[in-house]
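When you get a sec, could you build the whole thing from the sequences and use the hints?
Protein sequences, first through last, are from chains A and B.
Going left to right, the first sequence walks through residues 0 to 517 as numbering that gives the first Met the number 0 numbers them.
Going left to right, the second sequence walks through residues 0 to 183 as numbering that gives the first Met the number 0 numbers them.
Just so you know, these hints were derived from the structure itself, not from any lab.
This one's a predicted model, so the numbers in the text were calculated from it and none came from an experiment.
Note that beta-carbon positions come from the ideal geometry of N, C-alpha and C, so glycine has one too.
Please note that the accuracy of each hint is not assured.
Said to hold, decoys possible - Okay, the calculated beta carbon distance ranges per label pair:
(1) B:Met156 <-> A:Arg501: 55 to 61 angstroms
(2) A:Gln404 <-> B:Pro31: 44 to 50 angstroms
(3) A:Phe409 <-> B:Val146: 36 to 42 angstroms
(4) B:Asp162 <-> A:Val359: 30 to 36 angstroms
Claimed, not checked - A few chain A positions that, by computed beta-carbon distances, are all more than 10 angstroms from chain B:
(5) Thr1
(6) Leu11
(7) Pro24
(8) Ala97
(9) Leu231
(10) Gln233
(11) Glu254
(12) Gln342
(13) His394
(14) Tyr419
(15) Lys435
(16) Thr436
(17) Ala502
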Amino acid sequence: MTRTLHTFHGGLHLPEHKTESNARPIAVAPVPRVLVIPVQQHIGQPAKPLVQVGERVLKGQMIAQAEGYVSVPVHASSSGTVLAIEERPVPHPSGLSALCVIIETDGEDEAVNFVPMPDWLKEDPSHLRNRVREAGIVGLGGAGFPAYVKLNPGPRTVVDTLVINGAECEPYITADDRLMRERADEVIGGVRIMIHALQARSCVIAVEDNKPEAFVALEEALKRSGRSDIELVQVPTRYPTGGEKQLIKVVTGKEVPSAGLPIAIGVVVQNVATAAAVYRAIEKGEPLISRIVTVTGGAVATPHNLEVRIGTPVADLIEFAGGLKSEPERLVLGGPMMGITLQSRDVPITKTSGCVLAPVARELGERGATRACIRCGACAEACPVSLLPQQLYWHARAKDFDKAQDYKLFDCIECGCCAYVCPSNLPLVQFFRFAKTSVWAQEREKKKADRARERHEFRQARIEAEKAEREARLKKKAAPESGSAASPDDAKKAAIQAALERAKAKKAAAAAGGDSEQ
Amino acid sequence: MLTAIVVFTLLAAAFGLLLGFAAVRFRVESDPIVEKIDAMLPQTQCGQCGFAGCRPYAEAIAAGEADINKCPPGGEAVVMALADLLGRDPQPLDGEAKPKMVAVIDENTCIGCTLCLQACPVDAILGAAKQMHTVIESECTGCELCVSPCPVDCIRMEPVREDIATWKWPYPVIKVAPAKVPEA
Numbered sequence: 000m001t002r003t004l005h006t007f008h009g010g011l012h013l014p015e016h017k018t019e020s021n022a023r024p025i026a027v028a029p030v031p032r033v034l035v036i037p038v039q040q041h042i043g044q045p046a047k048p049l050v051q052v053g054e055r056v057l058k059g060q061m062i063a064q065a066e067g068y069v070s071v072p073v074h075a076s077s078s079g080t081v082l083a084i085e086e087r088p089v090p091h092p093s094g095l096s097a098l099c100v101i102i103e104t105d106g107e108d109e110a111v112n113f114v115p116m117p118d119w120l121k122e123d124p125s126h127l128r129n130r131v132r133e134a135g136i137v138g139l140g141g142a143g144f145p146a147y148v149k150l151n152p153g154p155r156t157v158v159d160t161l162v163i164n165g166a167e168c169e170p171y172i173t174a175d176d177r178l179m180r181e182r183a184d185e186v187i188g189g190v191r192i193m194i195h196a197l198q199a200r201s202c203v204i205a206v207e208d209n210k211p212e213a214f215v216a217l218e219e220a221l222k223r224s225g226r227s228d229i230e231l232v233q234v235p236t237r238y239p240t241g242g243e244k245q246l247i248k249v250v251t252g253k254e255v256p257s258a259g260l261p262i263a264i265g266v267v268v269q270n271v272a273t274a275a276a277v278y279r280a281i282e283k284g285e286p287l288i289s290r291i292v293t294v295t296g297g298a299v300a301t302p303h304n305l306e307v308r309i310g311t312p313v314a315d316l317i318e319f320a321g322g323l324k325s326e327p328e329r330l331v332l333g334g335p336m337m338g339i340t341l342q343s344r345d346v347p348i349t350k351t352s353g354c355v356l357a358p359v360a361r362e363l364g365e366r367g368a369t370r371a372c373i374r375c376g377a378c379a380e381a382c383p384v385s386l387l388p389q390q391l392y393w394h395a396r397a398k399d400f401d402k403a404q405d406y407k408l409f410d411c412i413e414c415g416c417c418a419y420v421c422p423s424n425l426p427l428v429q430f431f432r433f434a435k436t437s438v439w440a441q442e443r444e445k446k447k448a449d450r451a452r453e454r455h456e457f458r459q460a461r462i463e464a465e466k467a468e469r470e471a472r473l474k475k476k477a478a479p480e481s482g483s484a485a486s487p488d489d490a491k492k493a494a495i496q497a498a499l500e501r502a503k504a505k506k507a508a509a510a511a512g513g514d515s516e517q
Numbered sequence: 000m001l002t003a004i005v006v007f008t009l010l011a012a013a014f015g016l017l018l019g020f021a022a023v024r025f026r027v028e029s030d031p032i033v034e035k036i037d038a039m040l041p042q043t044q045c046g047q048c049g050f051a052g053c054r055p056y057a058e059a060i061a062a063g064e065a066d067i068n069k070c071p072p073g074g075e076a077v078v079m080a081l082a083d084l085l086g087r088d089p090q091p092l093d094g095e096a097k098p099k100m101v102a103v104i105d106e107n108t109c110i111g112c113t114l115c116l117q118a119c120p121v122d123a124i125l126g127a128a129k130q131m132h133t134v135i136e137s138e139c140t141g142c143e144l145c146v147s148p149c150p151v152d153c154i155r156m157e158p159v160r161e162d163i164a165t166w167k168w169p170y171p172v173i174k175v176a177p178a179k180v181p182e183a
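Next up, the structure:
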């Protein structure tokens, strides 16, 4: 049976730049001297540190525990001593700092005892989910959503199709490509575990057709596993096929509703690297403490992929990869379309960093001067979500966020296709990101204002109640000895007078004492 | 003729009863416009508008007794929203829009006098007589009402720190290059 593939609206054929880094095998990066491990490397609540400064930690030891439902723990990626638990710059477009556990490694790389779960096929899906959570696994495709949450479809929800995302559509990045080529068995193993965890009816692994070697490797691994129910398809290379909703459209022909999740149409998407991490967590008991990162770009001496410990500073990683041969135009974490420009090389590699890109000026292309929008509509043609970026741009620019939301601002996946094709070189995605974060800020302020109002009203009510109570008490006291209603006040006045006189006498005495001493 | 009169009388009576019932059953407690205005105000309860809190200001606006530009914490956004709601002309803000602040008590200097507790409109200061006080940061509205009552000047206002969760992408500053004019 061959699956009928579909297409999504828009998208682009970009210069791939994959051959620079995909010919060399994955190298294992050494343990850096210092690991900087952020407690939040996922979408959701940050994890809470469990270790103390000065404590010795082992590889694979949990150093921060999950807080809340959408959260996962963080583990030490090598053995060593906790140097500090403090704010350090983390990979984020703001360049701001966040809480990190800093570990000085001892080079011994001593690990905790990993407990595998070999009989996973007999385990209840909830046990598998818990194990995936305990292993700190997040979506390794880039967004970093806790994987176990996606493995929990909820009661009475049938997962029709599990889609395994091996598209890796962004230029330059080849981490998944190399992983599929070299560790296809791990990927297939993880896929089998996830099928069981989700009780999925069917499963499709989708690989873009610019990665034939990876496709063959997976095909062979599938044959070895003897699982004929897992389908493997080649999808046409087009950016952003690797977007969750775009891949679902290509593979199933179904569209995820606006503001909805794939599970609404019975689909769950997981990345191939996530599958490999799940395999390691279940079959070997290893938590997520390393990932494959592509180090590439015109300024890199030997572009290739490395298996890197989470928490390795970018500067160390570049050195491990063989260094730079020229000064890059800038340093990008992620791909050229969706990556973020790093403001510091001290930031660590996190669970979601798939690529370090060090391009030289000519690679970035000549980006001409920004001109006014000419309403050509090229952006709308390129948009893979069928939005109208031009309309969104006008409203975001005018800070009319309600209107922008009417045009489905929050369905924008920030893929950058619109800005790429814009003949006026408008930074469209920046406007949309500005609008999105502004809306979130407004919502936070509204929430805060509502709580302040509630507290203020409660306070007013309390003060009123206290006043009424006091009056009632006074009345009650005054009632039996009618005629001397002023007596409580008089008594109080007398007491104050007495206290004042006492104080005066004391002062006078002190003054007299002071005088006599002189 | 008679039937028509009877029918219309009955109809009138029926609708009258219905309206009367509705007026009692679905009575609106307060002016809904006040609620709407109040919902737009930032609820700092700071009194910079000259009223004793956000709700009194909302009531004054609704009654037409106050201008819509008296809320510095709300800034221009609130002026615009109010102008939009009430159909009035937007006015320049009366006062200066300041960055969001939070009160911080210097706990070494605090003498535990409870004066700031009484001043705080949202019960965001924790403490008791002769016990050290502290500000519950998440509940502080930055109204500054606690600063002046403090007899030992141990309360200062600090700008709210930006972190990754609250960070906003800056408004893109673009220089639009003028189109080239063909030489004549």
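The hints, checked one at a time:
1. For Met156 (chain B) and Arg501 (chain A), the hinted distance range of 55 to 61 angstroms is not satisfied, since their beta carbons lie about 40 angstroms from each other.
2. About 24 angstroms separates the C-beta atoms of Gln404 (chain A) and Pro31 (chain B), a value inconsistent with the hinted range of 44 to 50 angstroms.
3. Between Phe409 (chain A) and Val146 (chain B), the C-beta spacing of about 40 angstroms keeps the proposed range 36 to 42 angstroms intact.
4. Against the hinted window of 30 to 36 angstroms, the Cβ-Cβ separation of Asp162 (chain B) and Val359 (chain A) comes to about 34 angstroms, which satisfies the hint.
5. The non-interface label for Thr1 (chain A) is consistent with chain B: the shortest C-beta to C-beta separation is roughly 44 angstroms, beyond 10 angstroms.
6. Listed as outside the interface, Leu11 (chain A) is consistent with that label: its C-beta sits roughly 22 angstroms from the nearest C-beta of chain B, beyond the 10 angstroms cut-off.
7. The claim that Pro24 (chain A) is not at the interface with chain B holds, since no C-beta of that chain comes within 10 angstroms of its own (minimum 35 angstroms).
8. With a cut of 10 angstroms on Cβ distances, Ala97 (chain A) falls inside the contact zone with chain B, its closest approach being about 5 angstroms.
9. Once the 10 angstroms rule is applied to beta carbons, Leu231 (chain A) is consistent with being away from chain B; the minimum gap is 39 angstroms.
10. No beta-carbon of chain B is positioned within 10 angstroms of the beta-carbon of Gln233 (chain A); the least distance is around 37 angstroms.
11. For Glu254 (chain A), the requirement that its beta carbon stay farther than 10 angstroms from each beta carbon of chain B is met, with the minimum near 28 angstroms.
12. With a minimum CB-CB distance of about 13 angstroms to chain B, Gln342 (chain A) clears the 10 angstroms threshold, and the non-interface call stands.
13. No Cβ of chain B comes within 10 angstroms of the Cβ of His394 (chain A); the nearest lies about 13 angstroms off, and the non-interface call holds.
14. In this structure Tyr419 (chain A) is separated from chain B by more than 10 angstroms, as the shortest Cβ-Cβ distance comes to about 16 angstroms.
15. The claim that Lys435 (chain A) lies off the interface is violated: its Cβ sits roughly 8 angstroms from the closest Cβ of chain B, which falls inside the 10 angstroms cut-off.
16. At roughly 4 angstroms, the least C-beta separation between Thr436 (chain A) and chain B is not larger than 10 angstroms, which violates its mark as non-interface.
17. Look at Ala502 (chain A): its CB is around 18 angstroms from the nearest CB on chain B, clear of 10 angstroms, so calling it non-interface holds up.
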